[in-house]
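Enquirer: Here is how the chains run, residue by residue.
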Amino acid sequence: GQQVMQIPQYQHVQEGEDFTTYCNSSTTLSNIQWYKQRPGGHPVFLIQLVKSGEVKKQKRLTFQFGEAKKNSSLHITATQTTDVGTYFCAGPGSGNTPLVFGKGTRLSVIA
Amino acid sequence: KAGVTQTPRYLIKTRGQQVTLSCSPISGHRSVSWYQQTPGQGLQFLFEYFSETQRNKGNFPGRFSGRQFSNSRSEMNVSTLELGDSALYLCASSLFRQNTEAFFGQGTRLTVV
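These protein sequences, in sequence, are chains G and B.
Counted the way the working numbering counts, the first sequence spans residues 330 to 440.
Counted the way the working numbering counts, the second sequence spans residues 145 to 257.
Some hints here could point you the wrong way.
[Said to hold, decoys possible] Only part of the chain B face toward chain G is listed, based on derived beta-carbon distances under 10 Å:
hint, residue
1, SER175
2, GLY186
3, ARG199
4, LEU232
5, LEU234
6, SER238
7, THR244
[What the hints assert, rightly or not] Cut-off 27 Å, straight-line C-alpha distance, at most; resulting in silico cross-link-like pairs (DSS-like, lysine-lysine):
hint, chain 1, residue 1, chain 2, residue 2
8, G, LYS399, G, LYS380
9, G, LYS365, G, LYS388
10, G, LYS399, B, LYS201
11, G, LYS399, G, LYS365
12, B, LYS201, G, LYS365
13, G, LYS399, G, LYS386
14, B, LYS157, G, LYS380
In case anyone wonders, no lab produced these hints; they're calculated from the structure.
Note that the Cβ used here is the ideal one computed from N, Cα and C, for glycine as well.
All chains, please: the whole structure from these sequences, using the hints.
Expert: Rendered as structure tokens:
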């Protein structure tokens, strides 16, 4: 079945450093979504990318969707302690199935 | 508008017992999906309901079941609980079945002892 893989699994950074997580799908995606889950919380929607090569920014966060629509990345510039959490990418399942999530990247920020 | 509400928030059960979890989606959302989240496996899809019908089911044993009511509220049931069923169970509602953001509830933390 369809798989969505994310790397790295964990990332520890000093506050102020940049952070990037990568997402790869085994199949072409019609769109990709990103979610953030704070420790002890639930996943919260961040953004959806639809177009090939699309780049979207939300303040310090930059999201990219690959040209082949099989990969995506999330880049955070100058991390802050508020960025701590697990970042998940998710794509629509094959056929008409709901979202398939990557296993997430857990970000720790050391002040 | 009110978010997705899951009850109860925490639950402790003994092996062999059964449990029912409840999810009230955002008003107007007819699609409800359930996920199991464990530290090692991430978010694993359990099932999806739309208009009171189960549309998709993940790779879980038959002990896991669910249903959706006419008001879109959904319940999931786990029978004959095993220690490995300990997890955070998350419900997500969305306006459409695909290509739209999912709104998650706070989850039910189930501990099986």
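Enquirer: The structure should be examined with respect to each hint, and the outcome stated for every one.
Expert: Taking the hints in turn, this is what the structure says about them:
1. SER175: OK, holds: SER175/B within 10 Å of chain G, min 8 Å.
2. GLY186: holds (4 Å)
3. ARG199: OK, holds: ARG199/B within 10 Å of chain G, min 7 Å.
4. LEU232: holds (8 Å)
5. LEU234: For LEU234/B, the interface hint holds, since the closest Cβ of chain G sits about 6 Å away, which is under 10 Å.
6. SER238: holds (8 Å)
7. THR244: Holds - the Cβ of THR244/B comes within 10 Å of chain G, reaching about 8 Å at its closest.
8. LYS399/G / LYS380/G: Holds, at about 11 Å.
9. LYS365/G / LYS388/G: holds (15 Å)
10. LYS399/G / LYS201/B: holds (24 Å)
11. LYS399/G / LYS365/G: Since the Cα atoms of LYS399/G and LYS365/G sit roughly 20 Å apart, the hinted pair holds (cutoff 27 Å).
12. LYS201/B / LYS365/G: The given pair, whose Cα atoms are some 24 Å apart, holds under the 27 Å limit.
13. LYS399/G / LYS386/G: Satisfied, since the Cα-Cα distance of roughly 20 Å is no more than 27 Å.
14. LYS157/B / LYS380/G: The given pair, whose Cα atoms are some 46 Å apart, is violated under the 27 Å limit.
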